[in-house]
Structure formats: structure tokens, C-alpha cells
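J.: Single-letter residue listing:
There are 2 protein chains.
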Amino acid sequence: MNSKSFNPPTRILMGPGPSDVSTRVLEAMARPTIGHLDPVFISMMDEIKQLLQYAFQTTNELTFAVSAPGMAGMECCFANLVEEGDKVIICKNGFFGERMKENVERFGGIPIMVDDEWGKKVDLNKAEEALKNNPDAKVLAFVHAETSTGALSDPESLTKLAHEYDCLSIVDTVTGLAGVPLKVDEWNIDAIYSGTQKCLSASPGLSPISFSKAAQEKIKNRSSKVKSWFLDLNLIMSYWEGEGGRSYHHTAPINALYGLHEALLILKEIGIENSWNKHMENHLMLREGLESLGISYLVDKEDRLPQLNSIFIPDGVDDLASRQKLLNDFNLEIGAGLGVLAGKIWRIGLMGSSSTKSNINHCLESIRKVI
Amino acid sequence: MNSKSFNPPTRILMGPGPSDVSTRVLEAMARPTIGHLDPVFISMMDEIKQLLQYAFQTTNELTFAVSAPGMAGMECCFANLVEEGDKVIICKNGFFGERMKENVERFGGIPIMVDDEWGKKVDLNKAEEALKNNPDAKVLAFVHAETSTGALSDPESLTKLAHEYDCLSIVDTVTGLAGVPLKVDEWNIDAIYSGTQKCLSASPGLSPISFSKAAQEKIKNRSSKVKSWFLDLNLIMSYWEGEGGRSYHHTAPINALYGLHEALLILKEIGIENSWNKHMENHLMLREGLESLGISYLVDKEDRLPQLNSIFIPDGVDDLASRQKLLNDFNLEIGAGLGVLAGKIWRIGLMGSSSTKSNINHCLESIRKVI
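Protein chains in written order, with my numbering: chain A, 13 to 383; chain Y, 13 to 383.
Hints were generated in silico from the structure; no laboratory data involved.
Don't take each hint at face value.
Any copy, or any two copies together, can satisfy a pair, since identical chains are not distinguished.
[Claimed, not checked] Below 25 Å or equal to it, Euclidean Cα-Cα: the simulated DSS-like pairs (lysine-lysine) are:
1. Lys132 - Lys144
2. Lys150 - Lys237
3. Lys61 - Lys16
4. Lys61 - Lys113
5. Lys16 - Lys280
6. Lys113 - Lys144
Can you build the whole structure from these sequences, using the hints too?
T.: Spelled out as C-alpha cells, the structure:
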């Protein structure tokens, strides 16, 4: 093999994630590695916790970053909150609802599926019907911002429903966090996970996560051990919030956490509401440009995620060849369709550092040339 | 909170890991993030696979880096190779054998413990007795290089024994890889995992892992689904070695993988045998210095890991105060004792980039001043 250092090409990342990582975050990741039990490192971990609380708009004590990508965040929620035989209602309106089902099954739970069409938001009436029909259900799970379709659902109303029927809520906001309004405390969300490579624009590899007091209680009072040692929150809690010095659980991904710290600082500097607004403004600019190219959206106007624009591939346009041309001739990465939408849609991300007017202009002009 | 970028202090990392990360690896991690499905990124993943095969001395097809720290590598092995009711013999001679037990239990297996004293290597006779007494056992698991004690065991003989009794072997070489001889193919090891932050001197967060054909067969023929979606090798295989384009499983930790790629290139440039020899040479130099300070080792001379030196804290020396002084006055991190050895030993790492003559001199001189 050709043993050379890896020098990635310049790309503009406008797919469903990763998004562009800023120089500030890249430089932070390149700072010297120190020990994961070094008091200076532990102070930084405390700052990350506070910054994540800000991003999630929560005071939840159990707020931290799982040391693995977003899918491990999903698994962490289900592994800890589901026990053998527990019924979990999953509102599925895309690819990631299916993953939730897999998670529930692997931890011995019983998934009750509530299907919505891909591209639609989660239907509150259907969710309520399932809750009514399953009075013994323990959890209601759904995706806030469906990365496979670009549809936005309503965690506030869904969590309210869940609580009316004595369920906890598990919310996937991998693509949502910092891109659309999210108020974990105000909306009383019980368990929520995200990723770093979407609207936070850090490198992938960590999963921000937060649990309400009710969720923590449930985890502490499990009748069986969590079916994962690495993701067992009873153990992780003692590492992140141990008193009298942290006990060793696993070696944290030190440099990745430097990067997340910097990305969260940038978010704090911008301000969370300004970040939400920026994503919406840029979405409107992209939408106008796409419409003027005669391109239409998969998702109804009022349910669209500003940070993830799912558009129908124009008639007669070759999906793969066009995306390859965008990548090779214009250094532009956009996303393909997933699952049932493969070959039918493209997904254009406007997430975090990728969400700029110059990127939008470049994207529109490049698409105009390839279609 | 004080919202400032994080600037770590200068440290010399001579604990049980992380070890010092070289400028080359740090710089690699700071290169621009590209997409995890970008053809250029996928080529780099292929190179990482080849470089890991070199490091492990194997041609195993299923060789890759789990997208999470070493403890997730452990969990990946047990989650995939253990099914409900499977007996697993665990030779425990330190902290990490106990973790293996936790893993087996959480996946529904039955751990058969073979205890050796902390600081001793795994006893072959005891292992054989357990294999004889448990003819229905499926797996023999042990630690090659015990990070908690600095003891080196013999994976070749232990794997040979396992195979004589129709068991697969699971080997923890988190601290072993690149620091002591390891020949996965020649020794017929079935499943082995490591970490990036020890003798490879990349940042923590990934777990190199490799499986023999026999292990792969067992995983493919499981009668139940793996109790983890994130670590299910049947799914991960299709991402790492999928033909006709990789299918999406999870977003890889892109920049961390840049760093691992560079660290593995450095190892290839040095040469694996030279790396083993370097660790031994530097160990002998450190040992001589420590002995001249009147300090003695926990582990018998012939079973010592060169890259991890466990020494008794001299009488009358305050453990915590001395380590704090080393850190604050000499920027030197060494490791505390874990578990039953807490307060009794120190662990001095000479791993990868930390294993240099100047570090050894600095370490000896600093210890001389604090004791």
C-alpha cells in the first residue's frame, strides 16, 4: 500500500452530516493530549456539561457526551430505559424510527409501532391512540428532526401526551440540536440524544445526551442490570459527576472533547436563539433558490427542518452521476435518499458552520449546472 | 462560567495511558473534516484496515477500529461471541478480568472465573483445569497485558489450550499492541481488541479489533441477535467491507480516524519488531534507574510488561501528594494503583511516543525529588 499521510480534499459539506468543521474546532482538536483524570481535563469536562445544558436548554444534572457517535446515544437511552418485556411505543416517520425498533427488541422490550408516512411529521392523534390502546406502555419514543426525510415533529406535544399516559419520552434530536427550537426543561423531555456532527459542527464521534430526574429515577430503580457495560448510566454517572474525584470508567476521547468544547463555546457566543434563527433564515434563502430552479420539497412547508432540505430529484436527472459531479467538479457533498427514498430525493444540509449564504449560492449554482 | 477556549497545560504522559500524542498525529486530526461516505475517506479506511492488520500481524478480513474507546472493543467481542447461557472461562489476574465478567453476565453468559493473584501472569495449569472441568465452555478470555498490574501473559499458549478444548479465545491487548510481541495469525487468536491511546500513541476514542474466520463464523451463525445494535458485527461488517459501496451504519469519528491513520503510519515506518524492541530497551533503562533509587517492582522480572512498570510506592511516601507534586511541579503524569492495588503501587507507562530516553531521565529525576 501507498504509505502516505492522509490529506483530505477540500469539501463543502451540505449533506445530512457531517457539516463543515470550523478552523477553531479543528485547531482545538490538535491541542496536546493530556490525561483523562487530570484535574485540568476534568474542569473542561465540567464546562462541557454546562455548555451542553445551555444547548439543550436544561438544568438536568445527567447531561454529558457519550464517548461514541449519535447511534450510541440512541442505544444508551434504550439500553438504560428499557427492561425485558417493557412496551415501548415508537412513532416512526422515517429511517431512524426503524432503528429505535431494533434497539428496543435487542434489549428485550416490545416495540409498538405507530407508522407515519416518510416525510410527514409524527401524527399526534395516532400517537395518542397507541397510548390509549397500550395502557401498560412505559415509553414513547420519536424523532424530533428526521435526518432521513427532513421532517420536524413536535416534542412538546408528544411528551405532554406521553406523560398523560404515564410514559417517559425518548427523543432523537441528532439533527435537531442547535438547528431548531428545543427546550428540554420547558417541554419536560425525559431522555434526549444528539450528535456532534450536525448543527454543532464538531467532528463526529460523540453523542450529547440528557436525562430528566424521572428518567434517572427509573434507571436507578431498574430490576435488572443494563445490558451494556459501556453504556450503563449507573456507572457513567459516577465518572461524570462523582464526588471526591471521578472513578475510572473508560478513557474519554480527549481530543474529540476539546473539539466539542470549542464548538459549544462558538454556539454560546452566537446564542442559541440566534442559531435557530440563522438556520431558518438560510433555509428560506435556499428554498427560494431551489424553487426558482423548479425543484420541489418532500416535506410540507410548515413541517420542514430548516437545516435539512429534502428535495425531489428533478425528472430525468441521474442521481448518482449528478452527486458524483457535484463532489468531483464542485467539491460539494449533498446527501442521497435513504431507504424508501433512495433515488428519489436529495438531502441538502444547512447545518452549523455549513449554513452560510456563500455556501447556499455555491450549492444553487452547482445544482443548476448538473441538472 | 468562564467561556474560554481550552488550552491544556504541557504534560508528559507516563501513566497507564493516554500516552504522549506526537505532533504528526495531532496535526492529522486537525485536517478538514470530509464526509464518512466520501470515496476518498473510504480509501483511507481501507488503508487503516491494512495498517491494523500489520500492527496485529494478521490477515483477518474482519480487522477494523470500533468507533469508541477500548472498553467498547471489549464489549464488542463479548456481545458478538457470547449468547444466552454460554459458558465463558475468564482468567482474571487484575482489574480488567473483572470487567470481562461483567460483560459476560450482561449478555446472558455464565462466567467461570479462574483467579490469579494481581501482578502474576495467567497460570496455564489453572486455565487448563477449568477447561477440563467445563467441557461445555465456549470461550476462554484473558488479558494479554494487564493495565492494572503490568503483568504479561502468554496468548499463544492460552489460545492453544482453548482450541484443544474447543473454545475460542478472546484476548484483551489494550496495553499490549505495538508494545510487546503479538502475532495474531501465528498464535491463532480468535478475537482481540486494543486501544489507540497506549503504544499506538493516538488520541483515545477508538478500539482496534480483529476476528479470526472461526470467530466470524460463530457470529454469522448466532441463534439470537446481538444485544447491541451499535456493536453488532453483522451490521458493521457491511459498512467496513461492503461490496458495491458501503451501506450506512453510523457516522465514523472522522478526525479521530485521521489521527489513527497517522499513528499507524508511524508504526509502519518504525517497524513492528523495532517498536517491540524499543519498548524493551527503554524498560531496561527505566528499571535500572528505579532499582538504583531502591524501588522494587510488583511483577516478577520475567513477566513484566516493558511498557507498563508497576512499582511499590516507597515506605512513608504519600501516594496522592507525591503524584500531585509530580504533575504540578514536573508536569509529569504517572498512574495510581487500581482496585486492590490503590495506594500500594504506581504505574509508570513507557508507551509509544512517551517511550523515550529523555522522558525516562525526567521521570527518574522527578521521582527522586518527590520521594
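J.: So, for every hint listed, does it hold in this structure?
T.: Hint check results:
For the identical chains of this complex, Lys132 and Lys144 are intra-copy neighbours only, at 22 Å inside a copy versus 60 Å across copies, given an alpha-carbon limit of 25 Å. Taking CA atoms no more than 25 Å apart as the test, Lys150 paired with Lys237 passes in both settings, with 17 Å inside one copy and 23 Å between copies. In this homomeric assembly, Lys61 and Lys16 come within 25 Å of each other (Cα to Cα) only across copies, at 14 Å, whereas the closest approach inside a single copy is 38 Å. For the homomeric pair Lys61 and Lys113, neither the shortest alpha-carbon distance inside one copy (29 Å) nor that between copies (31 Å) is at most 25 Å.
Taking CA atoms no more than 25 Å apart as the test, Lys16 paired with Lys280 passes between copies only; the shortest distance there is 11 Å, against 38 Å inside one copy. With identical chains, the CA atoms of Lys113 and Lys144 are at most 25 Å apart within one copy only, with a shortest distance of 20 Å there and 42 Å across copies.
Taken one by one, the earlier hints fail for this structure only at number 4.
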